[in-house]
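Read top to bottom, the protein sequences are chains A and B.
Numbering-wise (our numbering), the first sequence opens with residue -8 and increments by one.
Numbering-wise (our numbering), the second sequence opens with residue 1215 and increments by one.
Possibly wrong hints are sitting among the right ones.
The calculated lysine-lysine pairs, modelled on DSSO-like cross-linking and capped at a C-alpha distance of 30 Å, are [to be verified]:
| # | chain 1 | residue 1 | chain 2 | residue 2 |
| --- | --- | --- | --- | --- |
| 1 | B | K1271 | A | K13 |
| 2 | A | K105 | A | K13 |
| 3 | A | K40 | A | K13 |
| 4 | B | K1271 | A | K40 |
| 5 | A | K60 | B | K1223 |
| 6 | A | K60 | A | K49 |
| 7 | A | K105 | B | K1271 |
Keep in mind that the hints were calculated from the coordinates and are not lab data.
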Amino acid sequence: AQSVAQPEDQVNVAEGNPLTVKCTYSVSGNPYLFWYVQYPNRGLQFLLKYITGDNLVKGSYGFEAEFNKSQTSFHLKKPSALVSDSALYFCAVRVPNNAGNMLTFGGGTRLMVKP
Amino acid sequence: DSGVTQTPKHLITATGQRVTLRCSPRSGDLSVYWYQQSLDQGLQFLIQYYNGEERAKGNILERFSAQQFPDLHSELNLSSLELGDSALYFCASSYSRTGNTEAFFGQGTRLTVV
Chain A
-8 AQSVAQPEDQ VNVAEGNPLT VKCTYSVSGN PYLFWYVQYP NRGLQFLLKY ITGDNLVKGS
52 YGFEAEFNKS QTSFHLKKPS ALVSDSALYF CAVRVPNNAG NMLTFGGGTR LMVKP
Chain B
1215 DSGVTQTPKH LITATGQRVT LRCSPRSGDL SVYWYQQSLD QGLQFLIQYY NGEERAKGNI
1275 LERFSAQQFP DLHSELNLSS LELGDSALYF CASSYSRTGN TEAFFGQGTR LTVV
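Please construct the entire structure, taking both the sequences and the accompanying hints into account.
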């Protein structure tokens, strides 16, 4: 079985400061990892993914994430936070197999960026 | 706009009733996934269809069923509704059979059971 943990329910950061949203995963096999963002009353929007290759992946809106196989982590980062980054962030894992390739999501982390 | 269309956006119904949620995937996407988002359970995978066939089942109740039609749109049927079924239901679609492409989500259907 695959699982994702987002240890922080909420992350508070001041505008202009770097931000990190943590994610760890547990799978058997090689994972595909994803980050999504959800704004109020909206669906989930794709930010970035790790499939293979370079451990540092860059995504939308200046976000990046680093895949660390030994620590089974895929933390989301941004060098300088904006107030408009305030939203709910979800980490997800997928391990393709014959039984399907659904995404398994973490519980979500609410990011609050204060002016 | 993700290209995934869900209707209706909001639905209010009484306990014991049956509703149907509809999803049109992005053009060309063969996989459709249904998820339930509630405050206490987070995002729970319900079921996946690929090109008309059921591919994977998650925590989907027996009162719930889904299908994917030849034009690839999908419907999620919820019956004998209970108060606890109130949630946001998302549909997502993706192209790849192997899972290396991202899934695109619709804006969801907010179901309120009263």
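Hint check:
1. The straight-line distance between the Cα atoms of B/K1271 and A/K13 is roughly 28 Å, inside the 30 Å bound, and the hint therefore holds.
2. At roughly 19 Å between alpha-carbon atoms, A/K105 and A/K13 fall within 30 Å of each other, so this suggested pair holds.
3. For the hint pairing A/K40 with A/K13, the CA-to-CA distance comes to about 15 Å; that is within 30 Å, so the pair holds.
4. Between the alpha carbons of B/K1271 and A/K40 the distance comes to roughly 24 Å, so the proposed pair stays at or under 30 Å and holds.
5. About 40 Å separates the Cα atoms of A/K60 and B/K1223, which puts this hinted pair outside 30 Å; it is violated.
6. For the proposed pair A/K60 and A/K49, the alpha carbon gap of about 17 Å is at most 30 Å, so the pair holds.
7. At most 30 Å may separate the alpha-carbon atoms for a hinted pair to count; A/K105 and B/K1271 exceed this at roughly 41 Å.
In the structure shown, a violation is registered for the earlier hints numbered 5 and 7, in ascending order.
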